[in-house]
Amino acid sequence: MDLRYSQSEEAFRAELRSWLAEVVPVLPPRPSPHDWPARRAFDTAWQKMLYDAGYAGIDWPVQGGGRGASPVEQLVYLEELERAHAPYVGVNFVGLLHAGPTIVVEGTPEQRARFLPPILRGDEVWCQGFSEPDAGSDLASLRTRAVRHGDDYVVTGTKIWTSHAEVADCCELLVRTSDEGPKHKGITWLIMPMDAPGIEIRPLRTISGSSEFAELFLDGVRVPVANRVGAENDGWRVTMVTLSFERGTAFVGELLETMELLRRLKVSARRSGAWDEGEVRHRVGQMGAELDALWALARRNISQATRTGVPGTGASVFKLAFSELRQRVAQLGMDLLGPAGLSTDELPSADGGEPLGNGALVELWLNAFNRTIAAGTSQIQRNIVAERILGLPKA
Amino acid sequence: MDLRYSQSEEAFRAELRSWLAEVVPVLPPRPSPHDWPARRAFDTAWQKMLYDAGYAGIDWPVQGGGRGASPVEQLVYLEELERAHAPYVGVNFVGLLHAGPTIVVEGTPEQRARFLPPILRGDEVWCQGFSEPDAGSDLASLRTRAVRHGDDYVVTGTKIWTSHAEVADCCELLVRTSDEGPKHKGITWLIMPMDAPGIEIRPLRTISGSSEFAELFLDGVRVPVANRVGAENDGWRVTMVTLSFERGTAFVGELLETMELLRRLKVSARRSGAWDEGEVRHRVGQMGAELDALWALARRNISQATRTGVPGTGASVFKLAFSELRQRVAQLGMDLLGPAGLSTDELPSADGGEPLGNGALVELWLNAFNRTIAAGTSQIQRNIVAERILGLPKA
Amino acid sequence: MDFDLSDDDRSLADGMRRLCTGRFPLEQLRRSEGRRSLDRAGWSVLAEAGVFSLRLAPSAGGAGLGTAQASVVFEELGRALVPGPVAATHVAAAMVEGAATGERTVGLLPRPGWGGPGGGPSLPAMVGDLGSLDCLLVVDGDAVELVETGELDGEPVEGLDPLTPMWFVAEIPRGAAVGAAAAAEAIWRDHLVLSGALLVGMAASTSDMAVEYAKVRQQFDRPIGAFQAVKHMCADMLVRTELCRAAVHAAAVAVDQPEVGDSVRAAAGAAMLAAQAADANARACIQVYGGMGFTWEVPAHLYLTRARVISQFLGSSGALADVVAGRF
Amino acid sequence: MDFDLSDDDRSLADGMRRLCTGRFPLEQLRRSEGRRSLDRAGWSVLAEAGVFSLRLAPSAGGAGLGTAQASVVFEELGRALVPGPVAATHVAAAMVEGAATGERTVGLLPRPGWGGPGGGPSLPAMVGDLGSLDCLLVVDGDAVELVETGELDGEPVEGLDPLTPMWFVAEIPRGAAVGAAAAAEAIWRDHLVLSGALLVGMAASTSDMAVEYAKVRQQFDRPIGAFQAVKHMCADMLVRTELCRAAVHAAAVAVDQPEVGDSVRAAAGAAMLAAQAADANARACIQVYGGMGFTWEVPAHLYLTRARVISQFLGSSGALADVVAGRF
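Residue numbers (this note's numbering), protein chains in the order written: chain A, 196 to 590; chain B, 196 to 590; chain C, 84 to 411; chain D, 84 to 411.
Note that these hints are calculated values from the structure, not bench results. Being a predicted model, the structure only gives us computed values, none of them experimental. A couple of the hints might just be wrong.
Claimed, not checked - Computed cross-link-like contacts, EDC-like style, restricted to lysine to aspartate or glutamate with a CA-CA straight-line distance of at most 20 angstroms:
(1) K298/D to D329/B
(2) K380/B to E449/B
(3) K298/C to D333/B
(4) K243/A to E301/A
(5) K378/A to D318/A
(6) K380/A to E301/A
(7) K380/A to D429/A
(8) K380/B to D304/D
(9) K589/A to E234/D
(10) K380/A to D291/C
(11) K243/B to D364/B
(12) K589/B to E180/C
(13) K589/A to E186/D
(14) K243/A to D329/A
(15) K589/A to E342/D
(16) K243/A to D318/A
(17) K243/B to E204/B
(18) K589/B to D225/C
(19) K589/B to D122/C
(20) K298/D to E582/A
(21) K298/D to D333/B
(22) K298/C to E301/A
(23) K378/B to D329/B
(24) K589/B to E295/C
(25) K589/B to E295/D
(26) K298/C to D329/A
(27) K589/A to D304/C
(28) K378/A to D304/C
(29) K380/A to D333/A
(30) K378/B to D304/D
(31) K380/A to E427/A
(32) K380/B to E301/B
(33) K378/B to D333/B
(34) K589/B to D333/B
(35) K378/B to D364/B
(36) K378/B to E427/B
Said to hold, decoys possible - Some chain B residues near chain A, calculated using beta-carbon distances under 8 angstroms:
(37) G473
(38) E474
(39) A590
Don't be surprised by glycine CBs; every beta carbon is placed ideally from N, CA and C.
Isolated chain A (complex conformation) (with noise of 0.2 angstroms):
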């Protein structure tokens, strides 16, 4: 057991940071969180400019456009980002860490010649086409409908919490293609482009007032078979390891945003006086033990996925003590707010200090009941825990 980093990771480090120093503090101010054209073109730009240093992709294989570095890597990435306040991936979430991935292990070579490059320019955005009304904890029962037409798949159906849809170029999407057999053998991952004729956008509006999520409906778009990745009727599989991406690192940003929230939090508070309260003082311990740990346990996963190849089991443990203390510190910092929290606007502080960001801070708190939720929700989680680690039964 070694918490040390090698020669060559903090050289890596030392590099990313100074290149950080020099780009993070001149970009342009952040769009607002509900104009999503100027977030994509933001969080493309960002991404451009990684591509262009060398920092695109980079836990992605070589022969996939990546930098082909280890998951240590990746990790000392995660954290000078988040060091620097930089951008995090946006837009380019599904590109960058579900779809891309996916296509890198189980695309042929003219899919990944296709679509990798561009997700890593920033040229091109995904989406993410899986859940559906009647298709969420239950994913396999999905039933958007598939149906060979010569070189095309002709695809009918409604698909939910598609994000970023309205400015996505690309969607990774599920579809049923035989209704043989058990429900998850007959499914296929396809690559629609969203400029097909027939796709209709709903955006569907949040607790938190965003339009992050939107509601695809599909009537008879054509995507070509030459989109298809893994065979049909294997896309459960395919499906298993985009998901194994999504419990991963994909958490790893948003932990050490946390921590930093937390930090924040502690200086809120001994400003306000709060921090005299036992109570107060001990949340902020109970919650900081908690963070150290979880930072330990994504230690760890991540040294067992460099051994093994693949994120194991712990990401599992990791989302559902994760997400929930994600619930407690936003939860804190409201408590914090007190009456400021009524207000998304932003209020001056009691004290003249500076002001905690209640607007930025209620709608973290909102947003985080959905941690719960999506990905595979606490109570999937935990039966995932109990029967493929524990060995417990089925119901």
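Based on these hints, arrange chains B, C and D on the given structure of chain A.
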């Protein structure tokens, strides 16, 4: 909604209070919790005193030899007993709160005449033979078999969690009399004399070191058919009657005792200075509010039972909340004890004041673990609440 | 002693529920999301139904009913998410001319910095519905003061609850003294009880929503309510609701029948439990609804944010627990 | 960076687990329930296996290993419920002659009243295994003192944990100063880490027990582990164990590699989480076992009471959280 007591209820209270003030202070010292014969002697002598004073079977119907008082008077009775620090039912628990009320409702005139007066007079002690090693939460799967031979049932099997077996005269016993149809359709409710040949009693030690429970090994025990309560194979219905008593007002005495305990903890915390910590005060206030709410809920349940004649489903709600609260109050006690909680011997207090009674408190803490298990685990109670009250589907 | 609801109590509740579903259905309330002014016509309907005058003597234009009956009525207002300062205007009815009849809407604030029974938030003060308030009662341990809203310098801000417009008010001026310490305690206590009743109704409503959804939403070829994880979450929601409802009713009865117990302790404890239940049940409701619970469309979040708005003005759980602990 | 256990770490753990199951099987330990003296022969076996000398330099008779390796070893001791002051004697090894070789058993106490890192219980002091201790290290923020047990006036009392005999000690005398503030901090920190490791092993053990029972215990015609209520309880047990294990290992590495972070913060946080996990998992284990979990025969309660004994000497969750909060 009226929380005032009527004139007749207040008259009953006054009369009882003055009787208790007279007799409780001159009771002999309480026996050691580990000396069962002495406990039997103490508890039955107390029951005899109650009987002679007209306070035995306060809410039993008059035809069962009881006082026939209303549930509200039963509540007054429990309040006054707790207020006077009088003994509670002790080893008479099963007879007074389980078997007796069941025989009142379901027994034959002969059974009532034979079995009820000795319970009320403290002449006979009862124990319970319901659960089996393989039939706990799933009670209806019980396998202790009774085969009819002439005027007797011949019973063979194993029972567990039999309270006070070693000092009992009678046992309320569930046996299997049929294997046909659903498993709960082949059960019969019997009264087994504990001096019958073929009964072996093996004490079961609990985590607090007490031997309150035993295992019963029954090998060809003869029980007269005349001792059958209800029809053959109709014992499950009779059992539900029995359990409805257990889940009714059975916990009210313990609720009042827990309120008294919390008040003692407050006094102790004030003396030690722990009261200066916001967390200690907030725990007391939180639990105090929950105890007040449970006391309100108990009175609501009793008012509804008075109207309908039977304890309602509110009892499961009460049991679920109270069993966990009891554990939390006990935990606060342990936390206030600090190092003194590491011993079950009585220790001098740190500040020279009256000690909190660490031995008794540690025992109470350990016994509280039983509360979320006995009389239906919290998991089973949640099923009952969800399925019977909310109408959610069975799995 | 008969702590069950009487037939009169039940028909009072039924009547108020019918009024709410008829006049204030949620679909209609939601059309005013983001509103900055109160629906005055709706306010008059509430006044005519006796929501504010219920406890006044018949000679003063009231129904002469008790706090217990008021709590039954307010539970229905909470269930329906009826907006506006209903509890404040109700407790002000005997003190502020025109409150009982709905002619004047009255807000209630703890004097900022006051840490007495129930505690209170410190500056900056947020005041809900300020634009539609005629006056404010400001309460601390010593007195009740009446502040005309014209004297307040409020800045409109976006509210957390889309149905409760908010104003930021940097300073609360002193007002005319309209009551002494005893009145202050009674007003604060009654406001805790009736706010608690609103929160009970909200906890019950999200519990009902979750249970209904768990019965119809199918995943893995069965209703999700058949899975123990969901089933037990629903059971816990019911337990929380039943407990705080019993607590609020007992506190209300203690206000009406002082001889049965300490009404301040009962009010503080009941408000605390009701605030916790409304919050926890709204969260559980979002979780049972899954992804849909995270949408604006499903109203679970309206219960979550309304609960926070109401609770914020009652004092934190810790402050309320302190009151109970001191009097236990 | 490679935070995974190395092959050497794993064989160290395997070896210690074999030693424990061979020499300290639980059935055998349980035969000494109520004992008042330590099994000296067993103590020597632990010493020979290097439990106390592990971190000493080879020149001092040790194995020259790190705290990380010690934490792996102590997790196994905790899992097996090996009794006696193992963590205290280990951290005293470099300071007290004969501790490393098992010739002297050493206890460790915070100076009563000391509220420093990790805090400490106030009087009356309870000392476990006093009758078998040769000496005690008494630690506060300023110094480490060595107190010979002959100077202590202890009264034997019935212990909460039947495998840890207790003595009541009204007063802890001053002893010889054997270390200054830095040594005191290091001793206290290392004791937190190794006690944390014991608690991790205990949390893992009750988790394993519950999972195994849930697989074999049948009710309603299926293993109880097929019911989500039980299944999810087991999942939560694993989550707690994994989290505190990672925390204890990270704290141990921080002791060995000071440049990677604040070892005192890591130690306090890890000990706190491990104490919580050992307690919560023992409770969950009792609940999964149902009635059997409430029997003396099933060892779940031994883990519950041992966890309380160990945790009591580390300071409360609040005191440990304060350390983390101050340094976060």
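How the hints compare with the structure:
1. Between K298/D and D329/B the alpha-carbon distance is near 14 angstroms, which keeps this suggested pair within the 20 angstroms criterion.
2. Proximity of K380/B to E449/B is assessed by CA-CA distance (about 34 angstroms); at most 20 angstroms being required, the pair is judged violated.
3. Our distance criterion of 20 angstroms between C-alpha atoms is broken by K298/C and D333/B, whose separation comes to about 25 angstroms.
4. Straight-line distance between C-alpha atoms of K243/A and E301/A comes to about 25 angstroms, which puts the hinted pair past the 20 angstroms bound.
5. For the given pair, K378/A sits about 36 angstroms from D318/A by alpha-carbon distance, which is inconsistent with the 20 angstroms threshold.
6. Under the criterion of a C-alpha separation no larger than 20 angstroms, the hint pairing K380/A with E301/A is consistent with the structure, at around 17 angstroms.
7. Restraint check: the Cα-Cα separation between K380/A and D429/A comes to about 7 angstroms, which is no more than 20 angstroms; the hinted pair holds.
8. A threshold of 20 angstroms between alpha carbons decides the hint, and for K380/B with D304/D the separation of about 17 angstroms falls inside it, so the pair holds.
9. Restraint check for K589/A and E234/D: not satisfied, since their Cα atoms lie roughly 60 angstroms apart, outside the 20 angstroms limit.
10. Distance hint between K380/A and D291/C is unfulfilled; the C-alpha atoms sit about 37 angstroms from each other, more than 20 angstroms.
11. Taking the CA atoms of K243/B and D364/B, the gap is near 16 angstroms; set against the 20 angstroms cutoff, the hint holds.
12. Restraint check: the Cα-Cα separation between K589/B and E180/C comes to about 56 angstroms, which exceeds 20 angstroms; the hinted pair is violated.
13. The suggested pairing of K589/A with E186/D is violated, with an alpha-carbon distance near 52 angstroms, which exceeds 20 angstroms.
14. The hinted pair formed by K243/A and D329/A fails the criterion: a straight-line CA distance of about 38 angstroms is larger than 20 angstroms.
15. Distance check on the hinted pair: K589/A and E342/D sit about 46 angstroms apart at the alpha-carbon level, beyond 20 angstroms; violated.
16. Distance restraint check for K243/A and D318/A: the Cα-Cα separation of roughly 8 angstroms lies within the 20 angstroms cut-off, and the hinted pair is therefore satisfied.
17. Of the pairs offered as hints, the one joining K243/B and E204/B is violated, with about 24 angstroms between alpha carbons and a cut-off of 20 angstroms exceeded.
18. Of the pairs offered as hints, the one joining K589/B and D225/C is violated, with about 56 angstroms between alpha carbons and a cut-off of 20 angstroms exceeded.
19. Of the supplied pair hints, the one linking K589/B and D122/C is violated, its CA atoms being roughly 45 angstroms apart against a limit of 20 angstroms.
20. About 11 angstroms separates the Cα atoms of K298/D and E582/A, which keeps this hinted pair within 20 angstroms; it holds.
21. A distance of roughly 16 angstroms separates the Cα atoms of K298/D and D333/B; the hinted pair therefore holds under the 20 angstroms criterion.
22. As the CA atoms of K298/C and E301/A are separated by approximately 40 angstroms, the hinted pair breaks the 20 angstroms bound.
23. Distance check on the hinted pair: K378/B and D329/B sit about 14 angstroms apart at the alpha-carbon level, within 20 angstroms; holds.
24. Between the alpha carbons of K589/B and E295/C the distance comes to roughly 15 angstroms, so the proposed pair stays at or under 20 angstroms and holds.
25. A distance of roughly 26 angstroms separates the Cα atoms of K589/B and E295/D; the hinted pair therefore is violated under the 20 angstroms criterion.
26. A C-alpha spacing of about 14 angstroms is found between K298/C and D329/A, which places the hinted pair at or below 20 angstroms, so the restraint holds.
27. Restraint check: the Cα-Cα separation between K589/A and D304/C comes to about 15 angstroms, which is no more than 20 angstroms; the hinted pair holds.
28. Of the supplied pair hints, the one linking K378/A and D304/C holds, its CA atoms being roughly 12 angstroms apart against a limit of 20 angstroms.
29. Under the criterion of a C-alpha separation no larger than 20 angstroms, the hint pairing K380/A with D333/A is consistent with the structure, at around 14 angstroms.
30. For the hint pairing K378/B with D304/D, the CA-to-CA distance comes to about 12 angstroms; that is within 20 angstroms, so the pair holds.
31. The hinted pair formed by K380/A and E427/A meets the criterion: a straight-line CA distance of about 10 angstroms does not exceed 20 angstroms.
32. With a C-alpha separation of about 17 angstroms, the suggested pair K380/B and E301/B falls inside the 20 angstroms cut-off, and the hint holds.
33. Between K378/B and D333/B the alpha-carbon distance is near 10 angstroms, which keeps this suggested pair within the 20 angstroms criterion.
34. Proximity of K589/B to D333/B is assessed by CA-CA distance (about 15 angstroms); at most 20 angstroms being required, the pair is judged to hold.
35. Taking the CA atoms of K378/B and D364/B, the gap is about 29 angstroms. The hint is violated against a cut of 20 angstroms.
36. Proximity of K378/B to E427/B is assessed by CA-CA distance (about 14 angstroms); at most 20 angstroms being required, the pair is judged to hold.
37. The beta carbon of G473/B is positioned within 8 angstroms of a beta carbon in chain A (closest approach about 6 angstroms), and the interface hint is therefore held.
38. At about 6 angstroms, the closest approach between the beta carbon of E474/B and any beta carbon in chain A falls short of 8 angstroms, and the interface hint on this residue holds.
39. The interface hint given for A590/B is met, as the beta carbon of that residue sits about 7 angstroms from the closest beta carbon of chain A, less than 8 angstroms.
Taken one by one, the earlier hints fail for this structure at numbers 2, 3, 4, 5, 9, 10, 12, 13, 14, 15, 17, 18, 19, 22, 25 and 35, listed in ascending order.
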